[in-house]
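S.K.: Here are the chains, one letter per residue:
Protein chains: 2
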Amino acid sequence: MRAPQQDRSRVTRQRLLEATVDSLVEFGWSATTVAVVAQRAGVSRGAAQHHFPTREDLITAALEFMFDSRMEQARREVTELPEGNGRTEAVIGRLVDYYTGTLFKAALQVWTAAAADPELRARILPLEERFGRVAHRTAIESLGVDDSDPTVRRLVQATLDLARGLGLADILTDDSRRRTEIVRCWSAQLDAALTSLAPATPPASPAL
Amino acid sequence: MRAPQQDRSRVTRQRLLEATVDSLVEFGWSATTVAVVAQRAGVSRGAAQHHFPTREDLITAALEFMFDSRMEQARREVTELPEGNGRTEAVIGRLVDYYTGTLFKAALQVWTAAAADPELRARILPLEERFGRVAHRTAIESLGVDDSDPTVRRLVQATLDLARGLGLADILTDDSRRRTEIVRCWSAQLDAALTSLAPATPPASPAL
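Going down the list, the protein sequences come from chains A and B. For the first sequence, the UniProt record's numbering puts the final residue at 208, and the numbers step up evenly by one. For the second sequence, the UniProt record's numbering puts the final residue at 208, and the numbers step up evenly by one.
In short, the hints are calculated from the structure, not lab data. The beta-carbon is built from N, C-alpha and C at its ideal position, and this holds for glycine as well. Take these hints with a grain of salt, some might be off.
[Said to hold, decoys possible] Taking beta-carbon pairs under 7 Å as the criterion, some of the chain A residues facing chain B (in silico):
{"hint": "1", "residue": "Arg75"}
{"hint": "2", "residue": "Val78"}
{"hint": "3", "residue": "Arg154"}
{"hint": "4", "residue": "Gly165"}
{"hint": "5", "residue": "Leu166"}
{"hint": "6", "residue": "Glu181"}
[Said to hold, decoys possible] Pair by pair, the computed Cβ-Cβ distance ranges are:
{"hint": "7", "chain 1": "B", "residue 1": "Arg76", "chain 2": "A", "residue 2": "Thr54", "range": "47 to 55 Å"}
{"hint": "8", "chain 1": "A", "residue 1": "Ser30", "chain 2": "B", "residue 2": "Arg10", "range": "30 to 38 Å"}
{"hint": "9", "chain 1": "B", "residue 1": "Glu56", "chain 2": "A", "residue 2": "Thr54", "range": "27 to 35 Å"}
{"hint": "10", "chain 1": "B", "residue 1": "Pro82", "chain 2": "A", "residue 2": "Gly93", "range": "32 to 40 Å"}
Based on the sequences and whatever the hints tell you, model everything.
M.R.: Structure (structure tokens):
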């Protein structure tokens, strides 16, 4: 059994991580310090620093926590996806929702800061590699396709690239109306391409 | 005839704009001040402030200058594009080059800062609107397609969204190898889709 002390510590940690993501989205990278996050989370600065000695510790932990929660949610939701017609559009719609949500907007602040800061970049690269790998695998599983075919693999990667581009198109304005049309159009393309690549149904057994 | 004084002023202005873009890419938004840019351009701070009273003036002028140069270059290069097979891949390759180049990396710093700064956002929105419109029209002209068909219009928009996503995938690591495969794969898809949408060749005139 977990002692109450450990529970409190876990709750504090989680509040700090969520406040970090909110602060990144609202105030940006420069303004998101341990002190600002601690205040937002209603946690003393000392307690925050006990959990996360540096701003980089706090921010990378926050992105990992959010990403893992999101991917776990996506895997749970796979069973709710429609089979057959409409599955591709439902998967792409959800995928694009992730890339236009809070996690993406927070990560964009960190990635952009890392582009102009070699130390931060070294710290973020392993996250980028893991996030890319897990997001690709989750998309493959949700679409229910076989990515041993190189064209299928590239089409799924292109879909993730598209989703990332749609995420970026949404950071200054609400791009949801245009995006809905793009998702529908891309889904139809992807469906047609995946169908043409799918292994043909094996012929029925001969009548002997 | 232009007076030497005007020429010097124009050269100073252009050096400041180029130094701004370089500084955004190398040092990021926060560090790109008029003083830093003036020093980088070898211009006195007073002269820099004569041209651009505020950092926002300098940075928006720099993005507009770079964007207009890029689009002008793209329009000049249209005549060099191959006709028929290979044109789509050539156009998308160039498009993606723009989104992985210096201008995109500089603009990303500004867009990301604007996402967490309402005043800057208000200043950047008209640029975003214009850049999006001109980039779409240039892509349509380069591909040589008719975007009065709504599916063609969406496919071209999706291509720009994909290019933006590929740009973002390149900011921390050199993603060029994977990107080449994605460009080839999407170009084949887009070619097939545009061909199926193209108006059929009109039948030959009857022999009367």
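S.K.: So, for every hint listed, does it hold in this structure?
M.R.: Verification of the hints:
Given the 7 Å rule on beta carbons, the hint for Arg75 (chain A) is violated: about 23 Å separates it from the nearest Cβ of chain B. Because the smallest distance between the Cβ of Val78 (chain A) and any Cβ of chain B comes to about 23 Å, over 7 Å, the interface hint for this residue is violated. Interface hint status for Arg154 (chain A): upheld, as the beta-carbon distance to the closest one in chain B is roughly 4 Å, under 7 Å. Here the hint on Gly165 (chain A) is kept, as its CB sits about 3 Å from the closest CB of chain B, short of 7 Å.
The interface hint given for Leu166 (chain A) holds, since its Cβ lies 5 Å from the closest Cβ of chain B, which is under the 7 Å cut-off. With a cut of 7 Å, the hint placing Glu181 (chain A) at the interface with chain B holds, because the nearest CB-to-CB distance is about 6 Å. At roughly 49 Å, the beta-carbon separation of Arg76 (chain B) and Thr54 (chain A) lies within the given 47 to 55 Å, and the hint holds. The hinted range of 30 to 38 Å is satisfied by Ser30 (chain A) and Arg10 (chain B), whose Cβ atoms lie roughly 34 Å apart.
Between Glu56 (chain B) and Thr54 (chain A) the beta carbons are some 31 Å apart, a value that agrees with the proposed interval 27 to 35 Å. Here the CB-CB span from Pro82 (chain B) to Gly93 (chain A) is close to 36 Å, well matched to the stated 32 to 40 Å.
Of the numbered hints stated above, those contradicted by the structure are hints 1, 2, listed in ascending order.
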